[in-house]
Amino acid sequence: MTELGFLKKENLVEFLKELATKSVVYVPVADDDVVAFKLFQENSTICLDRPANIPPKTVIFPQYETLLTFTFSKKEEQPDKIDVKIQEKMDFKDTVIFAARPCDAKGFTVYDRVYKDSDIPDPYYVGRREKTVIIGFSCPNVSPGCFCTAVGSTPSDKEGSDILMTEVSGGFVLEPVTEKGKAVIQSKFIEDGSKYLEEAQKKQEDVKNKVKNPFKKAGKPQISQEKFNDDSFWELALSKCLSCGACTFLCPTCYCFNITDENKIWEAERLRSWDACMFPHFTLEASGHNPRPTKFHRFKNRVGHKFLYYPEKYNGVLACCGCGRCIRYCPVSVDISKVVDELSDTNSENKTLTSNGGEA
Amino acid sequence: MKNPYLPELATITKIIEETPNIKSFQVVFNDHEKMKTFKFEPGQVGQLSVFGVGESTFVINSPPTRMEYLQFSVMKVGEVTTALHELHEGDQIGVRAPLGNWFPYEEMKGKNILFIGGGIGLAPLRTLILFMLDNRKDYEDITIIYGARTPPDLCYKDDLKEWESRPDVNLILTVDNEYPGWDKRTGFVPTVLNEVAPKPDNTIAITCGPPIMIKFVLQNLVKLNFKDDQIITTLEKRMKCGIGICGRCNIGSKYVCKDGPVFSLAQLKDLPPDL
Amino acid sequence: MSVDKLKDAVKQILNEVDIVIGYTEGFDKVHATPLFINTQDKVDQLIWDQRCVHNLASYLPSLKRKKVGVIVKGCDSRTIVQYIQEGLINRENVKIIGLPCSGVISLKKLLKAVDFANIDDITFEDNGNVNVKTEKETKTLSLMDIAPDKCKTCQYPTPLIYDILIGDPIKSDKPKESVYEDIIEFDKKSLEEKLAYWQKVFDRCIRCYACRNACPMCVCQDSCIAESREPHWISQRATLTEKFMFHLIHTVHLAGRCVECGECERACPMGIPVNTLKRKINLEMKELFDYVPGVNPDDKPPMYTFNVDELKIKEHKIG
Amino acid sequence: MSGLENKEMKIVGFLCNWCSYGGADTAGVSRFKQPTDLRIIRVPCSGRVNPLFVVKALLNGADGVLVSGCHPRDCHYSDGNFYARRRLEMLKRLLPFLGIDHRRFHYTWVSASEGARWQQVVKDFTEVIHKLGPLNLTREA
Amino acid sequence: MRVGVFICHCGNNIAGTVDVKAVAEAIRKIPGVAYATTYMYTCSEPGQDEIKQAIKDHNLNRIVVAACSPRMHELTFRKTVEKAGLNRYYFEMANIREHISWIGEDKEANTKKAIDVVKMAVAKVMQDRPLYSSSFRINKRVLVIGGGVAGMQAALDCADGGLEVVLVEKSPSIGGMMSRLDKTFPTIDCSICILGPKMVDVAQHDKIKLYAYSEIDEIKGYVGNYQIKIRKKATYVDWTKCTGCGACMEKCPSRNAYDYFNFGVAPTKAINIPFPQAIPKKAKIDPNYCRHFTKGKCGVCAKICPTKAINYEMQDEIVTEEVGAIIVATGYSLLDLEKLPEYGGGRYPDVISGIQYERLLNASGPTAGHILRPSDHIEPKTIVFVSCAGSRDKSIGIPYCSNFCCMYIAKQAILTKDHIPDSQSYVFYMDIRSPGKGYDEFTRRAQEDYGVKYIRGRVSRIYPKGKKMVVKGVDTLLGSQVEIEADLVVLGTAVLSNPDAAHLAEKLHISYDTFGFYVESHPKLRPVETNTSGVFLAGACQGPKDIPASVGQGSAAASKVLALFSKDMLESDPAVAKVDINKCIGCLKCVRTCPFQAIKDKELRDGRIVADVIETVCAGCGVCTSTCPCGAIQLQHFTDNQLLAEVNALCLA
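First to last, the protein sequences are chains S, A, C, P and H. Those letters in the first sequence? Residues 1 to 360, per our numbering, in order. Those letters in the second sequence? Residues 1001 to 1275, per our numbering, in order. Those letters in the third sequence? Residues 2001 to 2319, per our numbering, in order. Those letters in the fourth sequence? Residues 3001 to 3141, per our numbering, in order. Those letters in the fifth sequence? Residues 4001 to 4653, per our numbering, in order.
Don't read these hints as lab results, they were simulated from the structure. Fair warning: this is a prediction, and the values are worked out from it, not measured in the lab. All clues given are correct.
Straight-line Cα separation of at most 30 Å, DSSO-like style, residue types lysine-lysine; simulated pairs:
1. S:Lys81 <-> A:Lys1036
2. S:Lys81 <-> A:Lys1034
3. A:Lys1237 <-> S:Lys89
4. A:Lys1184 <-> A:Lys1076
5. C:Lys2286 <-> C:Lys2171
6. H:Lys4600 <-> H:Lys4578
7. H:Lys4052 <-> S:Lys75
8. S:Lys202 <-> C:Lys2112
9. H:Lys4052 <-> A:Lys1076
10. S:Lys116 <-> A:Lys1039
11. S:Lys74 <-> A:Lys1036
12. A:Lys1039 <-> S:Lys85
13. C:Lys2007 <-> S:Lys338
Just need the whole structure built from these sequences, with the hints factored in.
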């Protein structure tokens, strides 16, 4: 699918306005120097030159949502019997995520395996995912802490995007990746972009070469079981960890959640909200027992999940796309890439990484 | 697409006070059709909803061979279980079931079965015991070692009475300490297991109880020469989604809610030691 | 001050304590990161310069049962003083290495100053100049332009409490009145403006609790009521109401205890000025009880004590 | 409706059991008429009133919150209201910084015998809240 | 959850201005409310039976009664639900009478408000948890603080009832103010003649252990189990040896010691026995005047003492006593004359206080019962009494009446006439307060039979004129200025609390009012109880009162203690703070703020430090709960979730 499109820079807002007539459009907006995906408005201060503080996972996997509502009612003659009506809250709109960085777009593929393509799909996720078009945006530069190339990706990875957009002089080259993406560029503002292909590719290559690989050895990091299960390693590597949830909440692939009920006498709601494996409450049992009682246990699970358990289940694919947010925004600069590197098995040969982060 | 988070409405038809802090709830789906077609395997669990309070996971401890109702036993420890204890017969709850895996009862056919339970840990064993009793001919000797802190803390007192009277069940009861009116064994379950010293030949041992009990039972079974694949236990973790997504009940790559709760000791040994 | 003196001191102390907490190089040139030193061979990883922004004293309560050495700046030392006031650490288990400090950098301000470009190198001069090299340019900035606000009005450049002081004490040259100027200025806005401001910034909150976990005085940590159901102060809804509630819980719990280290604000990945509300309360605590948190180990935190006759609290008229 | 012209406002009162709740009882026994907006929550002592209750009420839809305890020195628990005074004063001073009119929160002392004083407090406070109108702090509620 | 709600009509008291049927109907709709009804008088016996029946019939497990104030009937209904088999804390009351029907006229608004208030009570009751008391053993000994007439009476009644009593008196002798009085009104009984035998009874009672010249240093513990540290102040005389012969006093060369017993009417010796009937009758050295202490030489008493009881090296001694209840009978003090500058403020020797005059009248006083004015020891002929000297005067912060001055002034005027038949007494008064039995007749007798001239009005100034004192005032009845040239002026000075009353109150955790008088639990119905269980009040420490009232309170307090001790075990109130040790982070802020020191730190097996509530000491104020940042310590029955349920029921729904 290489019918390249081109969008003139000066037509960007008009193009988005057009999109917004059909869909809900989220764009990266800078406010007080904080970039986050917000509903597009004509006066939005769209920020493309640096990745958003928080990935657009918020659009498909919102910070909280109502899964179900329970409505209580009684018959007058039988006040002691409460009838419950359960309603599913599924009202998903056509949505566009504009200018998701490739790592952020790719994050959704990590979700997909769990939420969409599993034997028990999650209808809330699937509902939003299927109605969402993701316009990826090739990174114009690298950011502190990025290491996408080390986990099998590139700053112009198409996986997860429906269209990949690359900035060239005067505008953006739009490369459709999926049928959904193709449909989006059927717009009067989109011209033929084939002549910009070379420039786009060069730019992509340039940026790719700037990404640093934090791992000592090339290829897919192989974690040594022995080191992984050595508690003293974690204790020393993670002493500085504050056990907050910044790393997980900002991670495009972290998908853990909590389910809680809230009651309001006549009705109640079942909520799903983000949760983090770094929080002690996450695994705390009613008895007071906690299978992951310290931050070391919790971080170990986080690293384990991303680099061992998830790959074990999904054909070796890592649950990390190297966006670097967890490193960049960690209040104490805990560096997961460094931890993984230290855990690497120095004796065995690394396997080659495939582009989806899996093994060859 | 089926919504896996959507509970089925059910009515509590009977509440049995098992012990001072454990109640058993017998529930039937409001949808009679659903009740008729409902299928599950012994050892599978369900999520019970108290609307507005939350969900909690319990094993279905009635056997699939007796489908007049589903029974769940609830020990009062946290918010949801406390709310469940406040419910009355006739009240509505939500049920998401069946979830998780089950006891490999097919593979146990023709074998001696040793059940070792403590406290409310008898619940998952009960479903299998009743299932096997309903298919008695498929299994050889059935031995049940069950203990609780005190006699009033023993669950399923009617069942115990019945099993005790059956010639084809060897029931060994114990309580931690001497207790007025108690003339059976005293001592902790792992110790009693050593006293009874069952033979591992052609035997599968299934154990469930408080973590500390399980720990010593497993040790003692190994000492009694049971092999890792002859020992089965069920695990309990904090669960929310029940479908292997939400991320809290995993041990390594295994999700207790989906891949469990039933594990053989051999399987457990392959997992990271994060119990 | 040469970092060698610091290393010598740490080597000395390491004989008496289980662990010494200092700073080392972070993942890039502009980041330092906390370093936990348990063996002599790690001492050489120590660094000390304007990138050492973290309040290392925050780790002390969680290490209460160990013997710990800790490197503190003037502002960080207030944390220790407050811990002593509140009985949260055993003073005899802590060895404090004090470092007089004339300001650190604010990563957020630095990035903004270079237009969010990737920084390849950074060097600091004694005269307060900071040389920054990015892909595009090399720039010289003044430290005070890219320092956190707390440095600009710093009253305690020299630690208030220490066992070893490395380097010469520095006297504050910042006027006392300047400390709360921004607060007083903000308070002059109309109620509507103020409310709109807080609505805007709190709306960004993702409840990652970085502010809470980075806060040295948030000692509840694993027991924080933001996540508990018993008591159930707050739901998991990510609504503005609940975000407000969370930040007010943090604020009220910090009333008269906040040592203004600014870690909450620094930790926030969403750029919320989390410290401002606490500083407003501190301003009131000063006015009401002449109390400044983290200055005198013998003080009593004002919310945990009282005077039968409160000289400054007048009975309010309705309306 | 509320004895005041317009619609009722949501006003929550936290009253200590020993003095102010008794004072409100005394006002009742004396048939001292009051506007009807106030809803009273009984607490053992004003010292029990965590300032966060006030915050919670205001965030969740209350238009005004009133806390009343024993007069200083008369606390049933000897010191409870001394703590209350400091903590509630702190909150009172914080509210305007957040953009919330401080008049929406009032704390005072009313003894069990001061029925007339209680009546006046309720009248005055209700009037102030009516003047200020409804509070909507977070747009969505 | 099956909540039953009962809305009371209270005759027409509630139903008159609240549509109770509409309330019941609205409440019945709430999920979880299985039953809601109205009843004419819910508190009546049939009303309570109705609740019990409904609990049975409808299988209810929580009850809400919407009626009057819980301060009125909460206990009544708690007992009702308990009788029906529910835990007594599965009960809430919604106050729809005092807080609604009696204060609002608009029935619609009242009804709406009532629905809200009942809804809040329902929300709360749904969060309620069953609570159970635990019981503990009582130490059946009682501490009486203060050996005045009230304390003595309390001690004697307790001891006669079989209790061991520890009586602590701060001055060297028991007897208190009454032992200083000459006669008592209205019977003109000799005060010491009726008090003396009681004092002897106290001294000789084998159940009473007397600590004279001692003070309370520290009080720890709770009802049933107090540990008291008593400071026995140094007397410098070994009382086990002193026989009270008085030889030392006679020979003591230091003659100018302040006489506390006689309120300084005349000086006494540095070593003295305060008065002839003193109990214990032991000598004591005042080191402020004793030459051995002030000049470092002397030692006359040590030489003269036949039993070698003098010990200049004596130090204060601390002894510990354990008791189960405390009766506080610390009495009162009197306004210093210096606080009344317009009356000479203590500058003129012939302006004296009533209690000083009492000592002049007394046969065992410094003048042996002859009324001689202090300045020149001449018998006065014109005597002016000024009542309300300080009392009922807001300007000096004493707005209250001192209760018995009117009466003793009448008595002193009568006695003056008896002593000096040719004298003339005048009494300036604001009102004559004589409501006791035989009191009014007595004041009339003073006027009618003894010719005492009563002038209604305030004295504005007293100043000397030659050997006379001019008393200048107004006669408000005549509306004219009055000036009397008096030989002696007696001021009925205001009664104050003891200067260290607040200090002791803090040790006892009892409340005191602005004036330092201790606050009783209820002014009408619990006059000798305090809000701290196990601590009782008797006499003037609670407020000015005369002898019969004080004695009555002494007996009343004793009967309270005897009733309390009639059981071997006490039940603790379960509505106390409770710590969730899984949540507690051991910051111990609760320990700092608990007004009762009811929280201690405790080390768990894993070494963690957590807070631990001493249930019997906790009074249930909840300061800890609002202090605890992580919600780990919760005041039972007023937990965060319970109060939040009420807030949410009102605000959210």
